[in-house]
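Using the sequences and the hints, build the whole thing.
The lines below spell out each chain.
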Amino acid sequence: MTNQSITQKLANPTRFMGLSGQLLPWLAGASAAIIGYAMYLAFFVAPPDYQQGHTVKIMFIHVPSAWLAMMAYVLIAISSFGLLVFRHPLADVSAKAAAPIGAAFTLLALITGSLWGKPMWGTYWVWDARLTSVLLLFFLYLGLMALRSSIEDEALAAKLTAVLALVGVVLLPIIKFSVDWWNTLHQPSTGLTTTVHASIRIPLLVSALGFSLLFFTLHLKAMRNEILRRRVKALRMAEVDRAQGSHASAAAAE
Amino acid sequence: MSGFWVLVRRDLQLAVREGGAIGTALGFYLIVVALMPLGLGPDLNLLSRIAAGVLWIALLLAALLSLPRIFEADYEDGALEVMATADLPLELVAAAKSLAHWISTGIPLALMAPALGILLNLDIGSAPALIGTMVAGTPAISFLGAIGAALTLKARRGGLLLALLVLPLYVPTLIFGITAINAVALGSDGFWQSFAMLVALSMGATVLGPVAAAAAVRLQLQ
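Chains A and B, in that order, give the protein sequences. In case it helps, this note's numbering puts the first sequence at residues 2 to 255. In case it helps, this note's numbering puts the second sequence at residues 135 to 356.
Where hints are given, some of them may not hold.
The calculated label-pair distances, taken between Cβ atoms and stated as ranges, are [to be verified]:
id, chain 1, residue 1, chain 2, residue 2, range
1, B, Gly154, A, Ser250, 51 to 61 Å
2, A, Asp154, B, Gly137, 52 to 62 Å
3, B, Gly212, A, Ala252, 30 to 40 Å
4, A, Ala31, B, Ser322, 48 to 58 Å
5, B, Arg291, A, Arg231, 45 to 55 Å
6, B, Trp326, A, Trp122, 29 to 39 Å
7, A, Lys234, B, Gly324, 52 to 62 Å
8, A, Arg231, B, Gly293, 52 to 62 Å
9, A, Leu206, B, Gly321, 46 to 56 Å
10, A, Thr124, B, Glu215, 49 to 59 Å
11, B, Gly324, A, Pro174, 14 to 24 Å
These aren't lab readings, by the way, just hints derived from the structure by calculation. Cβ atoms here follow ideal geometry from the backbone N, Cα and C, with glycine treated the same way.
Written out as structure tokens, the structure is:
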């Protein structure tokens, strides 16, 4: 047992449930405290931007969401690889749990972005390269969830979704590149990436840390729920089998 | 390798003799393009400006309709299982079927595009560029589409799902295809740049598509 790696040890769902159950309250507490602190910094400490005024506060939610939108996809891709190559029993649980959370953060990034765009650009939506590629990322999340939900056999759905996730990983950089290229032909950069002063950068980093912890809390919780759901399903199937078995033996006795 | 070409020829013969497969895609292409002026107004200047985009998007939709044909019939009647047990690797089977789809759908659609371009007041001089970019770009549509067709074999509501899965993957082809045509039609430079990108995308797709599609098919035959 001692020469097992951590991922191998976690392959036992019971051990995973025990460990994650102990970890979860600490993770949840830490994310709440750090997000709270980040919001305090954002609203009471960080100065309003000289050009953007108080709308810059949206950034403290927008930027971490956008970062987590991408990180969740990377997590799904790693999990999918783990499922297809190593057949790790928890890899699919991880991929399945991460997809809706990633999609939610992607949507949050899009919505906060458009709310920020209204005062900045005068419109809720511009076909900026970044906005467009995040929108396409959102479509990929929708595709992953739709494919999984439309195949009845859960084990098959898991593997096919993993194939799609890996195809998406290969194509995402190409899509991003093509959208960047497309946009530069149409309009100059909107100048989103300017150097950021420390008075705004530090609250932003704290916020990013807090949101990342929030993501892991939600992900862990969703994984636990998925494992419990599968156990309930297995128990129900066993019960059906037993009922059918007793029914059949009763019929045979008559 | 001979098995590969036998399979390509078989799929092409099926596409021709089944009847309706190619004609439906062409008819759909014509109707979608014809609807655009009805929706946007008959202003010829506007139409010639958006012609490249309309032609490419309508082509994507027309090709999308025929994607399920790549694997569906052979999966349902069991021919795909026979192919999977044959000597030819399943990756090459998927490649042969994607290639047949490209020849039977991508090329006819590309050849029809200049005629539809006239409806949209596209400069007639850009017809060779139009056919060239579409012939160079449509392999990506067939080979990436095969992934979606393979993934949705056992899915409920497969057709709608296929569109959701595959259309985001077509974005790079769409972008470079439109910029290449616009470079010629509207007289800006950068045609060869976009054209080279289209060829690169199609070549990449011919590698990625069969590998992923074969993996998806293999999972469903078990």
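Verification of the hints:
In this structure the supplied range 51 to 61 Å holds for B:Gly154 paired with A:Ser250, their Cβ-Cβ distance being about 55 Å. For the hinted restraint 52 to 62 Å between A:Asp154 and B:Gly137, the CB-CB distance of approximately 31 Å leaves it violated. Hint check: B:Gly212 to A:Ala252, Cβ distance near 36 Å, so the stated range 30 to 40 Å holds. Range check, A:Ala31 to B:Ser322: Cβ separation about 54 Å, and the 48 to 58 Å hint holds.
For B:Arg291 paired with A:Arg231, a C-beta distance near 25 Å fails the hint of 45 to 55 Å. At about 34 Å, the beta-carbon gap between B:Trp326 and A:Trp122 stays in the expected band of 29 to 39 Å. Restraint check, A:Lys234 to B:Gly324: a C-beta distance of roughly 56 Å satisfies the suggested window 52 to 62 Å. Between A:Arg231 and B:Gly293 the Cβ separation comes to about 30 Å, which falls outside the hinted range of 52 to 62 Å.
Checking the proposed 46 to 56 Å range against A:Leu206 and B:Gly321 shows it holds: the Cβ atoms sit about 48 Å from each other. In this structure the hint that A:Thr124 and B:Glu215 lie 49 to 59 Å apart at CB holds, the actual value being about 54 Å. For B:Gly324 and A:Pro174, the hinted distance range of 14 to 24 Å is satisfied, since their beta carbons lie about 22 Å from each other.
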